[in-house]
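Starting from the known structure of chain Z, fit chain F onto it as the hints suggest.
Quick note, the sequences are listed as chains Z and F, same order.
Residue numbers are given in our numbering: position 47 of the first sequence equals residue 1387, and the series is strictly consecutive.
Residue numbers are given in our numbering: position 39 of the second sequence equals residue 1379, and the series is strictly consecutive.
Check the hints yourself; a few may be wrong.
Using C-beta positions, here's what the derived DEER-type ranges look like [as the list claims (entries may be wrong)]:
| # | chain 1 | residue 1 | chain 2 | residue 2 | range |
| --- | --- | --- | --- | --- | --- |
| 1 | F | Pro1456 | Z | Arg1431 | 26 to 32 Å |
| 2 | F | Asp1405 | Z | Glu1480 | 40 to 46 Å |
| 3 | Z | Val1407 | F | Asp1405 | 38 to 44 Å |
| 4 | F | Glu1410 | Z | Ala1352 | 53 to 59 Å |
| 5 | F | Glu1410 | Z | Ala1495 | 33 to 39 Å |
| 6 | F | Gly1415 | Z | Phe1416 | 51 to 57 Å |
| 7 | F | Ser1427 | Z | Val1439 | 38 to 44 Å |
In short, the hints are calculated from the structure, not lab data.
Yeah, the Cβ is synthetic: ideal placement off N, Cα and C, and Gly gets one too.
Single-letter residue listing:
Protein chains: 2
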Amino acid sequence: MRGYPKGRRRRAEIVEAAFAKFASIGYRNASMVQIAADCGVSQHGPGASLPTKEALLAAVLEERDRVNGELFFAGFDATADGLDYFSRLARLVEYNATVPELVRLYAVLSVEAADPAHPAHAYFVDRHAHIRRDIRDALEELHARGLVRPGTDIAGADSDLMALIDGLQVQWLLDRPAWTWVPACGSGLSEMLLVEVP
Amino acid sequence: MRGYPKGRRRRAEIVEAAFAKFASIGYRNASMVQIAADCGVSQHGPGASLPTKEALLAAVLEERDRVNGELFFAGFDATADGLDYFSRLARLVEYNATVPELVRLYAVLSVEAADPAHPAHAYFVDRHAHIRRDIRDALEELHARGLVRPGTDIAGADSDLMALIDGLQVQWLLDRPAWTWVPACGSGLSEMLLVEVP
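So here's chain Z without its partners, still in its complex pose:
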């Protein structure tokens, strides 16, 4: 196992370089030769000093999920406290506002990945389903506590809230100087959905 910490550090550097390249020019446009050059390794074809581009993309997405999980959702169960869930979600959106390149990467990838042949297709289908399920669980928990505005139909609100966050982020990416508030946190729709908590 000698050399393992060094190999792990080298892998982390490669994943970081791949993330920076994917976020700046997009996954499709990034080349393995550039990524190798950016972290000072030579590329002797896939499998030599670098994994495939698909494997690098998977590693980048996994790494970002790990960071977000630790920062906002570690060990968290959306069925336990809906208010806590939405407060974590709002903090995640606030954090996203500090990393526009990351938000851009996810926005481009989630559309590119609509092609079933795209290497991240299954990841994004799963990710959307997972987030929608958490939002639905949290809303149902709030509904059971009488914290959802009377007369509000929460069916479909999981897709709507996720769409709202994604769509506001696109508007924000396109014209950041025009946004003086954090996307989604200032949105009136979430306020329409939930009753005020004393």
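Frame of chain Z, contents of chain F only:
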């Protein structure tokens, strides 16, 4: 002016080929050589038989706006009748559900264009501002007629509704078989916003 109809037809063919290529593999990945080959012309550099790639993108976006304008918004004033505006908008979303490649092109471009150096940056900033202004005008017209649910704050609802449509379209692109209804038309949020019209 002899030959003008032929030149116009040839231009339309080139714009159509460029649209198909941009929609299938993305603007950044499309090459002028491929587009030229697809419509059976030879490419002797920009300005010879084909315009620049930037000019082709502008022509594609202008052509789609012309079609949408004629189908849904020709001569329409959003301040005149808010209900009519939202009914046209819902029909546009229904139409979009029949042209997924077009929706994908707009979704990818609107994120790529976040880069101020992108040739479509100004187009998308203007487009977002224009749509938000129309939604705001329509909501204010409805509000003046007492058709907005009492207690609803319509400030920011223009951004929210546009985000909702864009975000639901991304979910739909990613997993179309899972959607049995047209994105946005089935959304509960627009129903929450407007009172029922007798």
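Hint check results:
For F:Pro1456 paired with Z:Arg1431, a C-beta distance near 29 Å keeps the hint of 26 to 32 Å intact. For F:Asp1405 and Z:Glu1480, the hinted distance range of 40 to 46 Å is satisfied, since their beta carbons lie about 42 Å from each other. The beta-carbon spacing between Z:Val1407 and F:Asp1405, approximately 40 Å, falls within the hinted interval of 38 to 44 Å. Checking the proposed 53 to 59 Å range against F:Glu1410 and Z:Ala1352 shows it holds: the Cβ atoms sit about 54 Å from each other.
Range check, F:Glu1410 to Z:Ala1495: about 36 Å between beta-carbon atoms, so the 33 to 39 Å window is met. As the Cβ distance of F:Gly1415 to Z:Phe1416 is approximately 52 Å, the hint placing it in 51 to 57 Å holds. For the pair F:Ser1427 and Z:Val1439, the beta carbons lie near 39 Å from each other, so the given range of 38 to 44 Å is met.
Comparing the model with each numbered hint stated earlier shows that all of them hold.
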